[in-house]
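Engineer: So the chains spell out like this:
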Amino acid sequence: MVRAVWLLLVGLGLVLAVTTARTAPMLAPEVLGRTAPLFALGQRLGQNLRAALTALADRRDWRSEAFRLKEENQALKQRALKLELENARLRRVLNVRETQTPAVVAVAPVIAEDPSGLFRRLVLGLGAEAGLEVGMPVTSAEGLVGVIVEVTPKTAVVRTVVDPESAVGVRPARAPGRGIAYGRPPDRLKVRFPREVAVREGDLLVTGAIGGLFPEGIPVGRVVRVEPPAPGELLYWAWAKPAVRFSLLEEVVVLRRL
Amino acid sequence: MAAAGLFLLTLFLASFFSGLLPDYAAPPDFWFLYVAALTPRLKPSWALVAAFGVGLFADLAGGGYLGLLAVGLVMAAYALLGLSTWLHPEEPLGRAVILAGAYLAKWLGVFLVIYVLGLFLVGPLDFLGTILSEALLTALLAPPYLYLAGLLLGDADHAG
Chain A
3 MVRAVWLLLV
13 GLGLVLAVTT
23 ARTAPMLAPE
33 VLGRTAPLFA
43 LGQRLGQNLR
53 AALTALADRR
63 DWRSEAFRLK
73 EENQALKQRA
83 LKLELENARL
93 RRVLNVRETQ
103 TPAVVAVAPV
113 IAEDPSGLFR
123 RLVLGLGAEA
133 GLEVGMPVTS
143 AEGLVGVIVE
153 VTPKTAVVRT
163 VVDPESAVGV
173 RPARAPGRGI
183 AYGRPPDRLK
193 VRFPREVAVR
203 EGDLLVTGAI
213 GGLFPEGIPV
223 GRVVRVEPPA
233 PGELLYWAWA
243 KPAVRFSLLE
253 EVVVLRRL
Chain B
4 MAAAGLFLLT
14 LFLASFFSGL
24 LPDYAAPPDF
34 WFLYVAALTP
44 RLKPSWALVA
54 AFGVGLFADL
64 AGGGYLGLLA
74 VGLVMAAYAL
84 LGLSTWLHPE
94 EPLGRAVILA
104 GAYLAKWLGV
114 FLVIYVLGLF
124 LVGPLDFLGT
134 ILSEALLTAL
144 LAPPYLYLAG
154 LLLGDADHAG
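In order, the protein sequences belong to chains A and B.
The numbering of the first sequence is the numbering used here, which starts it at 3 and goes up by one.
The numbering of the second sequence is the numbering used here, which starts it at 4 and goes up by one.
Hints listed in this document are in silico derivations from the structure and should not be mistaken for laboratory results.
Glycine residues also receive a C-beta, built at the ideal position from the N, C-alpha and C atoms.
Certain hints may be false.
Examples of chain A residues toward chain B, derived with CB under 10 Å [stated by the list, open to error]:
no., residue
1, L14
2, G15
3, A42
4, N50
If you want the footprint, here are the derived chain B segments under chain A, 3+ residues with CB under 8 Å [said to hold, decoys possible]:
no., region
5, 32-42
6, 75-81
7, 110-120
8, 132-144
Quick list of the computed label-pair ranges, beta carbon to beta carbon [to be verified]:
no., chain 1, residue 1, chain 2, residue 2, range
9, A, L9, B, A99, 33 to 39 Å
10, A, A57, B, Y118, 41 to 47 Å
11, B, Y118, A, E73, 55 to 61 Å
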């Protein structure tokens, strides 16, 4: 009996499935109307609970996300700072290129300086392999640094303007006349001018020798003291402070030899 | 009356879990559990009719193929009745095996309808994820549901 009912119901189910397969019948509207509120209530409750659980999970995610963003922010700040420094450096290089000469050979790092104190020389981290040669002027954004006096394949030695062996042709930036600036370590230039050249304290001295080693107009130093000429002397001396603070130099610009 | 109350509760639970679970997880089959709770408490023939009716209602409410779940639940009820005569439904392990067998029978009925309808593009492997997810959740929720059903409907007549 039970088996017969079972077979009957299975058969009925199959017939129903086959005959209504294309119509997808639904419950009568009056039945649906009664069951729908309960179904909707359960469905809505479930959805709300899921939304609440998702929100809780998201909140945990937000915390880790906030932590991650903080770290990223920190890294970006550091990167921005690095880029700012890089930007400033490149601006200085550009400034040198625009104001001094377009003939930039290289931007070289300062890797060492003469420790003796007798000479004021810098060692650059680039050498002959980078195209550096003896006699090439070396500058920075602040002014003239010196000239290359020795080159190895990977390094170069710069004789700065305050080196006792240095002699640079200069002229006052706002007055006619020329002079020669000799290096006086550790941080002074002794400049010899003809009597007729009028120089005062505070005057800016720039490169200006005819046929010299350096391009014209590069700041060399600022006059800090003038020694009045002795009676009958055709020349007089002035003391100048270099435009460049050598101890702060990190990079220099090497220019093509004139 | 109690059966009607359990029916409404089942409807609520089915919709609740349908809304609660994400799309990739198939909700537990509360209609199967309802039939599993009802079958031992009715005369065998009526239990089969009730299972068929419940399945038909679920098919109609879901707008699917009419007869799909009806046949599946009839198969489940029949398996429940049959297995209950061989095993010991009064023992937890026996009940678990009976339920597992009935659940497999339900899917057998579903695939029978699919076969008859000629939906050959759909094979058992296509339903594997659904079956596993549904089976797991149904197995997890079966003990509390059947306990609640026992409270509402009274003790089952395991003799069937």
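Engineer: If a hint holds in the structure, say so; if it doesn't, say that too.
Structural biologist: Against the structure, the hints:
no.: 1; hint: L14; verdict: holds, 7 Å
no.: 2; hint: G15; verdict: holds, 4 Å
no.: 3; hint: A42; verdict: holds, 7 Å
no.: 4; hint: N50; verdict: holds, 8 Å
no.: 5; hint: 32-42; verdict: violated (count 0)
no.: 6; hint: 75-81; verdict: holds (count 3)
no.: 7; hint: 110-120; verdict: holds (count 5)
no.: 8; hint: 132-144; verdict: violated (count 0)
no.: 9; hint: L9/A to A99/B: 33 to 39 Å; verdict: violated, 28 Å
no.: 10; hint: A57/A to Y118/B: 41 to 47 Å; verdict: holds, 44 Å
no.: 11; hint: Y118/B to E73/A: 55 to 61 Å; verdict: holds, 58 Å
Checked against the numbered hints above, the structure violates hints 5, 8, 9; every other hint is satisfied.
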